[in-house]
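A.B. asks: So in my numbering, spot 71 of the sequence shown is number 114, and the numbers just go up one at a time.
For the record, the hints were derived by calculation from the structure and aren't laboratory data. If you're wondering where the values come from, they're calculated on a predicted model, not measured in any experiment. Where a beta carbon is used, it is the ideal one built from N, C-alpha and C, also for glycine. Hints are not guaranteed to be accurate.
The calculated label-pair distances, taken between Cβ atoms and stated as ranges, are [stated by the list, open to error]:
# : residue 1 : residue 2 : range
1 : THR202    : GLU175    : 31 to 37 Å
2 : LYS199    : ASN230    : 43 to 49 Å
3 : TYR117    : SER137    : 24 to 30 Å
4 : VAL148    : LEU223    : 52 to 58 Å
Derived lysine-lysine pairs resembling DSSO-like cross-links, with alpha carbons at most 27 Å apart [said to hold, decoys possible]:
#  : residue 1 : residue 2
5  : LYS107    : LYS53
6  : LYS123    : LYS199
7  : LYS57     : LYS199
8  : LYS107    : LYS123
9  : LYS199    : LYS107
10 : LYS146    : LYS107
11 : LYS154    : LYS123
12 : LYS146    : LYS123
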Amino acid sequence: MDESSMDEYKLYKKEFYILWFTGINEDFPQETVAVCSIDIDDGSTSLIRVFHSEADDVQRAEDKLLEWLSDDPYINSSSKMDIEIFLNHSPTASFSHAFVGLKDVFDDQEKDVTIFIRIVRVSNVDDEDSIESMENREGLCLLNENNITLSPVSGKDWTYLREVLRENRGLRVQNETSVLTRTKLANILNRRQSVAVRVEPNVVEAEIQTDETGGKAIQKPNKRRSSSSSSDN
Numbered sequence: 044m045d046e047s048s049m050d051e052y053k054l055y056k057k058e059f060y061i062l063w064f065t066g067i068n069e070d071f072p073q074e075t076v077a078v079c080s081i082d083i084d085d086g087s088t089s090l091i092r093v094f095h096s097e098a099d100d101v102q103r104a105e106d107k108l109l110e111w112l113s114d115d116p117y118i119n120s121s122s123k124m125d126i127e128i129f130l131n132h133s134p135t136a137s138f139s140h141a142f143v144g145l146k147d148v149f150d151d152q153e154k155d156v157t158i159f160i161r162i163v164r165v166s167n168v169d170d171e172d173s174i175e176s177m178e179n180r181e182g183l184c185l186l187n188e189n190n191i192t193l194s195p196v197s198g199k200d201w202t203y204l205r206e207v208l209r210e211n212r213g214l215r216v217q218n219e220t221s222v223l224t225r226t227k228l229a230n231i232l233n234r235r236q237s238v239a240v241r242v243e244p245n246v247v248e249a250e251i252q253t254d255e256t257g258g259k260a261i262q263k264p265n266k267r268r269s270s271s272s273s274s275d276n
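With the hints as extra help, turn the sequences into a complete structure.
C.D. replies: Now the structure itself:
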């Protein structure tokens, strides 16, 4: 997808728009996005990772996610995990089987793990004559049979994703604009010495800083803010 058209207003990261357009456009993106939020050992560590793959990439986003889940040192050393995964497309059969295999490893290690997979759009499952569609359907059933909860992305989930995938560059641009506006207002008003007008110097800047660092976080119920967040392309 054209990143410039998606990021015109610099409100959210590209991955958010891919998730969003998958749900509302008839010709939805073939790119794949996976957002994973993990609460480890009752909140002692919280992680958020974002994965993105182009349509012609060898690995889908959820496959990159699976590799990370298998190798991350925080995950390997944990005893309890609450894992929540957001996908724009339903996973392939190969991912479903591999993910169940990873869950079996966690079970063998006696980790207490709960897993939710939330999906924007179920895809590549409708063709009754396609072996791939049949295998993808069976893969979804396999996930469900292994106590991995599958559900659609809901309105509350979108609120959470908007917070996680917010584009802070836009806030910085607005902050720079506020400095220019403040300077121009001061220059104009200072020419009228007879009018007692004071320009508040830090109102816009303070609002932006509060929203970015000190404001009340928008969170889903029972979700924690992350101590680590990154994106993989």
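A.B. asks: Which of the numbered hints above does this structure break?
C.D. replies: none
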